[in-house]
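Enquirer: Read off the chains here:
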Amino acid sequence: MIPAAGADMAAEAVPLDAPPVRATSLLRRSLRLWRTRIGIALVGLLVLIAIVGPFIAPHGSSAFVAAPFSPPGKGAVFGTDHLGQDVLSRLLDGGRSILLMALIATAAGLIAGVVIGLVAAYARNALDDVLMRGMDVIMAFPQIMLALVAAAVVGPHPWVIIVAIALTTVPRIARVARGAALPVVERDFIACSEAMGVPRWRILFGDLLPNTLGPLMVEASLRMTYSIGVIAALAFLGLSTNPNDPNWGLMIQDNRTALAFQPWGAVMPIIAIALLTMGTGLIGDGIARTAAGIDRSRGAE
Amino acid sequence: MRARFRWGGVSRFIVRRLLLGLIVLFMVSLVVFAATQALPGDPARAILGRSATPAALAALRRHLHLNQAVFSQYWTWLTGLLRGKLGTSIAAQVPVTTLLAPKLVNSAVLVAVSAVVSIPLSIAIGSWAALKRDKIFDTLSSNLLLVLAALPEFVVAVVLVLLLATTVFQVLPAISTIPPGSRPWNFPSYLVLPALTLVIAVAPYVARIVRASMIEVLESDYVEMARLKGLPERTVMLRHALPNALGPVFQVIALNLAYLAGGIVVVEYVFNYGGIGSAMQEAVINHDLPVVQALAMLIAAVYVVLNLLADVATITVTPRLRTRL
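If you read the sequences in order, they're chains X and G.
Here the numbering used here is used: the first residue of the first sequence is -1, the next is one more, and so on.
Here the numbering used here is used: the first residue of the second sequence is 24, the next is one more, and so on.
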């Protein structure tokens, strides 16, 4: 089996006269793998917690429940945190902001990256070079570094972090999109569409895009995994507008000093983040394996 | 056996890559400068806060050359950068180079230790998994690596502290504060947990690429040929398969060393390890823009140089790529 990493998928040429695998059919086929099912179950569980959590939380997220760092007991199932707040209630409350920010940032980066990658692949001229060298410049910054620079200058507002993460997602998606689209651009049906006078945007999004969806879906789930990690890490580093924000990353930071005697305050958000990123990782791997399997069986025909 | 080298082509390739790298670095400097100094708004006020006196604001503006035109601000900054003058840290009131030089050594030691452990380890795991494809070792290692690769570094770091330094076992220090003036190699136990975190962050990714690349090579005709000739499996692996599987691996190693350069921000912060990563976190919290600028430039430069080296290394170990030069 070919591994999940998006970069490899991009290198895999789509077999020449195969019709595109539709995204829905790829997803459906990937559901035959246990790893995809487990991944979807994990992500579903965490998304459910993030959405309904605030409504079923036993206490307010900043309500004082018991002495700081109380062990689990009556009234606080997982004990209390550094300010005497209920760990469970904050856990149920803390997923929404991370998930929402990661989703918006990844989606924005995905859209911009796909447009740039497809345009670069289709242009086949200096525009390709200019766009991809521009992408190289952004790639030179580790994701967290650009977010830190932005937070240092503008302040750690949620939208600043979203823009920074989206911006650093763009070149990584664009590379995959361009890589997957390059062999398709050379094929006859594109020349045919050009000869028929199909508008350029329809060639890009009607002909090229469907043929690049496999690698793109894999890369998108990989990017989602990293976006969640970076956003949680930024809160962990103390970059959040509200110093008592119920946010999983910040919870770990606030409660890790008490690991020795009240570990639940840090352990519960760790479990939440770990299950979420594992879930997106497993989904990506399931799709990658399915796409590789389809390509392989076509190669054998 | 040995293909004839066309060093003319290779050196021309290196020169071209070098020029391209310089152009990217120049554009990176524009981005860093634009992001930190040319943004709308007053950096002096951002640094000093709302309660700053007009005199303090004016003094800081002069200090940051904010009273000049944007282009000449950039020129002052860039020429300073090229001469190693990175300005003065606003929080610490010492030259940025004096502040960062010892921290740079600490971080370099940490990254080097992580790389020396993680690269051979991941090549070994990846190759072994490819050789035992779909057997128990491969299935177990693939799934474990998949899960580990998905975990953010700070989660790995805190879990390691939980397991090895606080709650479960207390065998290693939870905090790796290197006293000022000392060197990290005098405190080997301080390096274990930070380095282990970075290894766990990087090794899974490299191992997976090695496995994929190795599987492709093992299925090739020349490996089959070598086996049919009756060569021992050891020779087939080490002399025929591994060198050919390593081409793409250089790219991944470079990418991951660059990734380590970003990962150290979080890992050094968790362990309070005095390197450039924790310096970055501090500088961001303190709005210490000269330090932020210097570190962003430094880490981007590391990335560009590593990529350059990886491209050259790939060309050197993959003779068939040279025909395209």
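No lab work stands behind these hints: they were computed from the structure.
Some hints here could point you the wrong way.
What the hints assert, rightly or not - Derived list of chain G stretches under chain X, where covered just means 3 residues or more per stretch with a C-beta under 8 Å from a C-beta of chain X:
no. : region
1   : 49 to 59
2   : 169 to 181
3   : 184 to 193
4   : 284 to 291
5   : 296 to 306
Backbone N, C-alpha and C fix where the C-beta goes; we use that ideal spot for every residue, glycine too.
Enquirer: With reference to the structure, classify each hint as holding or not holding.
Expert: A quick look at each hint next to the structure:
Coverage of the region 49 to 59 of chain G by chain X holds. Counting CB-CB distances below 8 Å, 6 residues qualify, and the rule asks for three or more. Counting residues of the region 169 to 181 of chain G whose CB lies closer than 8 Å to any CB of chain X gives 10, so the stated coverage by that chain holds, three being the minimum. Given as covered by chain X, the region 184 to 193 of chain G passes the check, having 4 residues with a CB less than 8 Å from a CB of that chain where 3 are the minimum. Note: the region 284 to 291 of chain G has 5 residues with beta-carbon separation from chain X under 8 Å; the three-residue rule is met and the coverage holds.
Coverage of the region 296 to 306 of chain G by chain X holds in this model, with 3 residues showing a Cβ closer than 8 Å to a Cβ of that chain against a need of three.
Hint compliance for this structure: no hint is broken.
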